[in-house]
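Asks: Chains as they are written, first to last, in my numbering: chain A, 25 to 416; chain B, 25 to 416.
Hints are all accurate, no fakes.
Listed next, the in silico DSS-like pairs over lysine-lysine satisfying Cα-Cα at most 27 Å (straight line):
| # | chain 1 | residue 1 | chain 2 | residue 2 |
| --- | --- | --- | --- | --- |
| 1 | B | K88 | A | K72 |
| 2 | A | K339 | A | K354 |
| 3 | A | K47 | B | K252 |
| 4 | B | K72 | A | K252 |
| 5 | B | K93 | B | K72 |
| 6 | B | K78 | B | K88 |
Beyond 12 Å from chain A on every Cβ pair, some chain B residues (computed):
| # | residue |
| --- | --- |
| 7 | S44 |
| 8 | D62 |
| 9 | F83 |
| 10 | T102 |
| 11 | S224 |
| 12 | A242 |
| 13 | D293 |
| 14 | H294 |
| 15 | F312 |
| 16 | E316 |
| 17 | D337 |
| 18 | N343 |
| 19 | G344 |
| 20 | A347 |
| 21 | V390 |
The following label-pair restraints were derived from C-beta to C-beta distances:
| # | chain 1 | residue 1 | chain 2 | residue 2 | range |
| --- | --- | --- | --- | --- | --- |
| 22 | A | W173 | B | S63 | 19 to 27 Å |
| 23 | B | A369 | A | R189 | 52 to 60 Å |
| 24 | A | W173 | B | S65 | 21 to 29 Å |
| 25 | A | N370 | B | E121 | 38 to 46 Å |
| 26 | A | G146 | B | P395 | 53 to 61 Å |
| 27 | A | D75 | B | S172 | 33 to 41 Å |
| 28 | A | R264 | B | S65 | 32 to 40 Å |
| 29 | B | L89 | A | D75 | 14 to 22 Å |
| 30 | B | S151 | A | R264 | 29 to 37 Å |
| 31 | A | D75 | B | S151 | 37 to 45 Å |
| 32 | A | P154 | B | S65 | 44 to 52 Å |
| 33 | A | S151 | B | G243 | 20 to 28 Å |
Hint data in this document are derived by calculation from the structure and do not stem from the laboratory.
Idealized CB from N, CA, C, for every residue including glycine.
2 protein chains.
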Amino acid sequence: MSWVGMFVFVVGVLCYAQDSDFKAAATNVAGAAYPRVDSASRCQFRLKAPDATKVRLNFWSGPKLDMEKQPDGYWTVTTPSLAPGLHYYTLIVDGVEFSDPASHAFYGGSKDASAIEIPEAGVTYYSAQPVPHGEVREVWYHSSVTGSWRHALVYTPPGYDVQTRVRYPVLYLQHGGGEDETGWIRQGNANFILDNLIASGAAKPMIIVMANGYARRAGQTPPDLAGKPFGSPEAMRAMRETAAAFEDDVTQALIPFIDTNFRTLSDRDHRAMAGLSMGGMQTFQVTFDHLELFSYIGGFSGAAGSLGNEKFDPKTTLNGALADPAAFAKRVHVLWLGVGTEEPANMHAGIERLHTSLVDADIKHVFYESPGTAHEWQTWRRDLKDFAPRLF
Amino acid sequence: MSWVGMFVFVVGVLCYAQDSDFKAAATNVAGAAYPRVDSASRCQFRLKAPDATKVRLNFWSGPKLDMEKQPDGYWTVTTPSLAPGLHYYTLIVDGVEFSDPASHAFYGGSKDASAIEIPEAGVTYYSAQPVPHGEVREVWYHSSVTGSWRHALVYTPPGYDVQTRVRYPVLYLQHGGGEDETGWIRQGNANFILDNLIASGAAKPMIIVMANGYARRAGQTPPDLAGKPFGSPEAMRAMRETAAAFEDDVTQALIPFIDTNFRTLSDRDHRAMAGLSMGGMQTFQVTFDHLELFSYIGGFSGAAGSLGNEKFDPKTTLNGALADPAAFAKRVHVLWLGVGTEEPANMHAGIERLHTSLVDADIKHVFYESPGTAHEWQTWRRDLKDFAPRLF
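Whenever a hint applies, use it, and build me the whole structure from the sequences.
Replies: Here it is in structure tokens:
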């Protein structure tokens, strides 16, 4: 390291050639010239693997493309134009799925995966702008529910440390399945989205709490699910146990910790919860079980779980909270659903069916469709941009 | 995702079998049973790669071992006992170096690399203990030196938000070459080290600022270093330019930002700087050029650069700061050097030579050797544990 390490870095950062319109992706590690993106949102990928026999580029919500071996031992491929936003991907080398050494890692799919950022032309709301910036704080709280120290991220708005008598409303914001509490910052740029919304006056200054969405009760024996397929009674019970432990962790450990350690407005009128995919389902579970704690509810590409799959009875579902539309509209200030137009058909249909069911039941709510985006972070960035200004 | 994503997670976390004394490493992603560590500090690694012809386990500061193909398509290997601490590694599959999908990513070697944590028996100073915890804050500051928004991490001690009239001393703490500002938290656990030292009364509550150690001046044209080897005049000039830009960024942009936005004690008696490897060299450059700003100096496995390689003249070196030992001892409250006994011979010899030169020159300083550890994070955790209690 030392001089050599520094030199390797300097050479890496300063010396790669650029040609045509392609530029190194913003998601690359320092000094990596590939992957790169052009102004038509095409991407070029490259991997040196002279001894490999097959290399495949694997976008999780996008094309899967065979890469082509070049005489110099590099494998390369150019994609068609891709939708804007952050796309998870991996490289499959002779059957083994790896992260691209040239990409920064983003926790998704239960691993530190690769991702590439495709800029959206003319769009600045989710990048660092010359406006006041909030902070993102890592905190550790002890949960008597899980019997462990738990890690969460907390966004505090610009000025939080200066205006020491001001108290703020709080949005609890959850990641998706296979992701963790870092997702809304690393992938979602939630801090920049709020910085920009607050600077323009579109959203009120607020605290955002991002918790780890996995929990197991202290002392709870892990079930043995070997050979028990998805949907089996054992697997469903294990999932419910996890969800219930998370619900208790949020309401019994996390919220008290936040209200003790941050200058919050701690009544239900100043507390919101939203989440994406699995986090949306968790949001519906936690908030509808605890309407004494929450008055704003957002489901981003994920909402009331099984409710989305069939016409529901508003008299009995969600603890009967929807039985009286007028009372509900008074109690829940915003009920918000979103989905991307390019999400998998059953996902899109499920959320839309929930929306139409709510319309039929006269339940006041917002339904937002993100044009041209899939079950991916660009959808959720747009969701947050639409949702946050409606809060508090 | 959604239900399926949640299910995959639940199955992953709950269902792997454990045998003998081996336990999944703390550095693994959720649900990964391998790599795993036993009580003798041996590690087992596993990768499914049925079509690969050669898989090698590559510890950067440790053994390089061929993995063995099993009939089920998994490649496995068990290491000999390893030194405690966090060890970077990669897997080399048919000649291509990848991160292990089962490990969390840690930024080192200019990429998101894998690492495995080997517990040190009976040692708790760098893990989360039942004591008050500080926060780690991400901040963004605009640097007129680089003409860009820059990202830094800031540790605030327990109680910072409660004792709103207390002001704190500041330690600037730098990462090594190929790492970034996340290293001291992700790899080093600097926050837990300080939490524990503060809780026991061994160290004073302090703010720690961790900046990104790479900088280029606004508008500075990147030099073309193609074909210019390490040590060539062009490469050395490029490195000096980078180091000078970083020095100006710290002194002209970062320190003013921190002193404006945090409740600091902003005189030189309450400002320290330390760093590891490349960060140690940067520390010596920044502090000896600006003794009007700093009074505590730490070099962890890296110090005065070329000074370490030859006997130096105390009258002229480091801007003549060492010419009068008595005056120096008054001006610099702590000068601290550390190195691991298992570091590469030239690294160890260089730091030790600097130490003996300082002894010969009657310069008061601390020299610490970390027993049994290499140019790795366990050395630097111990360095911080010894250094921090001597501050302020």
